[in-house]
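Keeping their order, the protein sequence lines are chains D and A. Counting from 1 along the first sequence, just add 95 to a position and that's the residue number in this note's numbering. Counting from 1 along the second sequence, just add 95 to a position and that's the residue number in this note's numbering.
In case anyone wonders, no lab produced these hints; they're calculated from the structure. It cannot be assumed that every hint is accurate.
Any copy will do: because identical chains look the same in the list, a pair fits if it lies in one copy or spans two.
Once the Cα atoms are required to be at most 30 Å apart in a straight line, the calculated DSBU-like pairs of lysine-lysine come out as [stated by the list, open to error]:
{"#": "1", "residue 1": "K496", "residue 2": "K273"}
{"#": "2", "residue 1": "K273", "residue 2": "K172"}
{"#": "3", "residue 1": "K288", "residue 2": "K273"}
{"#": "4", "residue 1": "K104", "residue 2": "K291"}
{"#": "5", "residue 1": "K108", "residue 2": "K186"}
{"#": "6", "residue 1": "K286", "residue 2": "K313"}
{"#": "7", "residue 1": "K101", "residue 2": "K202"}
{"#": "8", "residue 1": "K101", "residue 2": "K186"}
{"#": "9", "residue 1": "K202", "residue 2": "K104"}
{"#": "10", "residue 1": "K372", "residue 2": "K202"}
{"#": "11", "residue 1": "K310", "residue 2": "K104"}
There are 2 protein chains.
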Amino acid sequence: MKNYQKLEKHFIKISKFNHLAAICSWDQAAMMPSGGNTARSEAMAELALHVHQLQSQPELADLYAAAETEALSADQKSSLREMKRVWMNDKIIPADMVEAASLAGSKCEHAWRTQRGENDWAGFAENFAEVVSLSQQEAQIRAGHSSVSNQTNYDAMLNLYEPGTTTASLDTLFADVKTWLPTMVAEIAQKQKSEKAIGFGDNFPIEAQKQLGQKTMKLLGFDFDHGRLDVSVHPFCGGVPSDVRITTRYDETEFVSAMMGVVHETGHACYEQGLPKNLSGLPAGEARSMGIHESQSLFFEMQLGRSQEFLALVSPLLSELFGTNQTAAFGAENLFKAYTRVEPGYIRVDADEVTYPAHIILRYEIERDLMNGNIGYKDVPDIWAQKMQDYLGLDTKGNYKNGCIQDIHWTMGAFGYFPSYTLGAMYAAQFKASMLKTVDVNAAISSGDLSPIFDWLRSNIWQKASLYGTDDLVTQATGEPLNAAHFKAHLQARYL
Amino acid sequence: MKNYQKLEKHFIKISKFNHLAAICSWDQAAMMPSGGNTARSEAMAELALHVHQLQSQPELADLYAAAETEALSADQKSSLREMKRVWMNDKIIPADMVEAASLAGSKCEHAWRTQRGENDWAGFAENFAEVVSLSQQEAQIRAGHSSVSNQTNYDAMLNLYEPGTTTASLDTLFADVKTWLPTMVAEIAQKQKSEKAIGFGDNFPIEAQKQLGQKTMKLLGFDFDHGRLDVSVHPFCGGVPSDVRITTRYDETEFVSAMMGVVHETGHACYEQGLPKNLSGLPAGEARSMGIHESQSLFFEMQLGRSQEFLALVSPLLSELFGTNQTAAFGAENLFKAYTRVEPGYIRVDADEVTYPAHIILRYEIERDLMNGNIGYKDVPDIWAQKMQDYLGLDTKGNYKNGCIQDIHWTMGAFGYFPSYTLGAMYAAQFKASMLKTVDVNAAISSGDLSPIFDWLRSNIWQKASLYGTDDLVTQATGEPLNAAHFKAHLQARYL
Numbered sequence: 096m097k098n099y100q101k102l103e104k105h106f107i108k109i110s111k112f113n114h115l116a117a118i119c120s121w122d123q124a125a126m127m128p129s130g131g132n133t134a135r136s137e138a139m140a141e142l143a144l145h146v147h148q149l150q151s152q153p154e155l156a157d158l159y160a161a162a163e164t165e166a167l168s169a170d171q172k173s174s175l176r177e178m179k180r181v182w183m184n185d186k187i188i189p190a191d192m193v194e195a196a197s198l199a200g201s202k203c204e205h206a207w208r209t210q211r212g213e214n215d216w217a218g219f220a221e222n223f224a225e226v227v228s229l230s231q232q233e234a235q236i237r238a239g240h241s242s243v244s245n246q247t248n249y250d251a252m253l254n255l256y257e258p259g260t261t262t263a264s265l266d267t268l269f270a271d272v273k274t275w276l277p278t279m280v281a282e283i284a285q286k287q288k289s290e291k292a293i294g295f296g297d298n299f300p301i302e303a304q305k306q307l308g309q310k311t312m313k314l315l316g317f318d319f320d321h322g323r324l325d326v327s328v329h330p331f332c333g334g335v336p337s338d339v340r341i342t343t344r345y346d347e348t349e350f351v352s353a354m355m356g357v358v359h360e361t362g363h364a365c366y367e368q369g370l371p372k373n374l375s376g377l378p379a380g381e382a383r384s385m386g387i388h389e390s391q392s393l394f395f396e397m398q399l400g401r402s403q404e405f406l407a408l409v410s411p412l413l414s415e416l417f418g419t420n421q422t423a424a425f426g427a428e429n430l431f432k433a434y435t436r437v438e439p440g441y442i443r444v445d446a447d448e449v450t451y452p453a454h455i456i457l458r459y460e461i462e463r464d465l466m467n468g469n470i471g472y473k474d475v476p477d478i479w480a481q482k483m484q485d486y487l488g489l490d491t492k493g494n495y496k497n498g499c500i501q502d503i504h505w506t507m508g509a510f511g512y513f514p515s516y517t518l519g520a521m522y523a524a525q526f527k528a529s530m531l532k533t534v535d536v537n538a539a540i541s542s543g544d545l546s547p548i549f550d551w552l553r554s555n556i557w558q559k560a561s562l563y564g565t566d567d568l569v570t571q572a573t574g575e576p577l578n579a580a581h582f583k584a585h586l587q588a589r590y591l
Numbered sequence: 096m097k098n099y100q101k102l103e104k105h106f107i108k109i110s111k112f113n114h115l116a117a118i119c120s121w122d123q124a125a126m127m128p129s130g131g132n133t134a135r136s137e138a139m140a141e142l143a144l145h146v147h148q149l150q151s152q153p154e155l156a157d158l159y160a161a162a163e164t165e166a167l168s169a170d171q172k173s174s175l176r177e178m179k180r181v182w183m184n185d186k187i188i189p190a191d192m193v194e195a196a197s198l199a200g201s202k203c204e205h206a207w208r209t210q211r212g213e214n215d216w217a218g219f220a221e222n223f224a225e226v227v228s229l230s231q232q233e234a235q236i237r238a239g240h241s242s243v244s245n246q247t248n249y250d251a252m253l254n255l256y257e258p259g260t261t262t263a264s265l266d267t268l269f270a271d272v273k274t275w276l277p278t279m280v281a282e283i284a285q286k287q288k289s290e291k292a293i294g295f296g297d298n299f300p301i302e303a304q305k306q307l308g309q310k311t312m313k314l315l316g317f318d319f320d321h322g323r324l325d326v327s328v329h330p331f332c333g334g335v336p337s338d339v340r341i342t343t344r345y346d347e348t349e350f351v352s353a354m355m356g357v358v359h360e361t362g363h364a365c366y367e368q369g370l371p372k373n374l375s376g377l378p379a380g381e382a383r384s385m386g387i388h389e390s391q392s393l394f395f396e397m398q399l400g401r402s403q404e405f406l407a408l409v410s411p412l413l414s415e416l417f418g419t420n421q422t423a424a425f426g427a428e429n430l431f432k433a434y435t436r437v438e439p440g441y442i443r444v445d446a447d448e449v450t451y452p453a454h455i456i457l458r459y460e461i462e463r464d465l466m467n468g469n470i471g472y473k474d475v476p477d478i479w480a481q482k483m484q485d486y487l488g489l490d491t492k493g494n495y496k497n498g499c500i501q502d503i504h505w506t507m508g509a510f511g512y513f514p515s516y517t518l519g520a521m522y523a524a525q526f527k528a529s530m531l532k533t534v535d536v537n538a539a540i541s542s543g544d545l546s547p548i549f550d551w552l553r554s555n556i557w558q559k560a561s562l563y564g565t566d567d568l569v570t571q572a573t574g575e576p577l578n579a580a581h582f583k584a585h586l587q588a589r590y591l
């Protein structure tokens, strides 16, 4: 066996343990009774340690060195690069730091669940200090081991979620958005003053909403032989490519959020289901990055789901499932109004697609400065309040619960993740613009057979998995690397 | 750290991997879409290999030797004995034989799923030959390593499921049953000729049956903070003590099977939920044996569930959930008639508690002779047909599907498991007889507060886990080792 094949075998073995972790993690969120949590968390931690050990074995160094001299196909070279990336990311962090960070993150996240409701910044800050400190240490180690010279600490963290993306590129990208976004939000608000949607009723039985979700998933090409829809407090897409588990949450008084949440998660799911089978179990066969993953969920949600053509497909389902006494409200035009309402708000996860980037830019600027040591964790609330005022004209002073402690990411030390959301929205708009050159997207949606759209995504994104870097992937698909002009044009076309 | 503590730590680590295996295995049966099966089976096999490696490490030999010289409490001595038993059971079988047996079992079981429906003994026999041969080899190795001199091959297999039970004791036990069972069945048939139950309707919505199951589980003390009820093709009790997963299957045309199936699995579940927390993760903290496990499910099903007092608790639930137009059929007395109908039949899992032992004795005699090499796998159908005629007066010649290939156990090489069912029924009757000395069982059931019953089981069985051998456990609880007279007396009292 070639050394390259030995590495493949090792990573396929790791993927089997990751399979079990993914299913047990889904179970923990969607099925497990609360009394099972302690033992489950301990079992998951043991498994994580085992995977970390397998993934960071120092003796793999020789295999990498030998494999790099072997005659490999282009795909194998990519595969080798990705295996090495995973190994390096794990290997450079000492096991006791992994454990300390995991413990500090669990502690902070667990306490946050109640502290958030109690608007308790002071209590939160006590745990947060340790999380920030450990993440800074981790970032420093990662930056020190980087092949890029003078990499900043934040760049090193960013690379975990968006390999190849840099602070320099994000600074430029977001600086541009900040020049036009506030004006655009104001203009849309003005325009929408006279465009109120008709309100919906307040009785939407959960069983009917579940059927709506499943019918919508079928429209969107979800393969139910390789996945499920369930319920959890925080919706997510989990499981494994052969068995993708998405979740949503239902509120009997409204269907709007759950329905679009399902569309969003279905985008993540179709990416996973569409990954190439011949690279199954290898890092090169996994999704490219968090930003590209989000580009698929946001393509489904924003480019497809909130289009008037797609809402026209959903419209008759609503009458079928919820009764025929709201025909006007359930009309495609009214649904479109409801699903494209723009309004600055406190909460990121509830934000519309126009104000959403402001939430991200704010978080990006804070986490960047935190990781690079330019601000301290104590500075976060004031900076947050100031930026909220600047970018969205909202006052969050003292309102921590709807301010700087609203998200789960930082509690667990996931600094560098937030930009993925807006990168995803931008990639989605760029993919749509490129797709339009060969696919009549609106006609496909209106016909109810969206397969030409999925075929484009499958061959340009899903099947390419991690064989290419993000820039290469995007350039192959659209002829250019990330270009935020497509996102701006999309917002202008839809909202102005 | 003492060597004993090092062993504890090692086994607690193993239990964490077993936790994940239990949850993923439940998921596979209750949640997983069929397309996920290949990847899941591969992941489970990788985990099983990992557990086998941890459990059979030769280097543990030194730890055992050293631990045996340490000052240990009585419980620690039991714990050490059980750790060593698990280790020995795994260590003596070479990894390639474990793999070969697992592959042969999977192949035979998978093909059996369709062969059974097609009554295809010839096709089944092709795979079965290999399963029997590998099991015989395994049995021979186990017998050769036994500390008991001249242990038969079958005894060695029996020890996996019923440590301490021997062919000699089972031969005596079952020979006695065979002297009185056929007469008893005939007498009951005569008596029940004039005792037909009123038939039930044929429309029992699944949602209502599910609620019936959950209400029944609550009556029986199931802790929903540490467990769930779901659906699978073959009902089972899985999961872990902190999170017990039971399943049932629903048929909209009748509620009788699902309801009593839930009672049965709840017995298994309450045993698991009642195991001692301070021994959590250690072999000594696990259920004593398959027979004792079955004694708890059968205590719930036969001693409690099919009593007229318990059925009187269920009766109002039926009217509440399925409507009030079957009041006579739903009456406790009629339910009792329906749930105590005795009739010889082909299928073990559908058998009543009186004819059930005949199904077990037949299987016991065949698997004993197979493992000891006194008969060959080709002889099974003829011997089966002959014994079915002798014990239950039924002709199964050529009817393999309702005969010798009806069960899953042998397909996977689980020779030695079947006696557990009847041992369980006997232990259950013995526990009940002993419990009656201090607990007014019928009064407790009638009051709707069954806790005195569960208290007895908790302190005498559940909390003792595997601290004692089966004989000691039973003697401590009832003053004597297994005594089948209690089972016979129970049948006589209920049916004659």
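### Query
Hint by hint, which ones does the structure fall short of?
Violated hints: 2, 4, 6, 11; rest satisfied.
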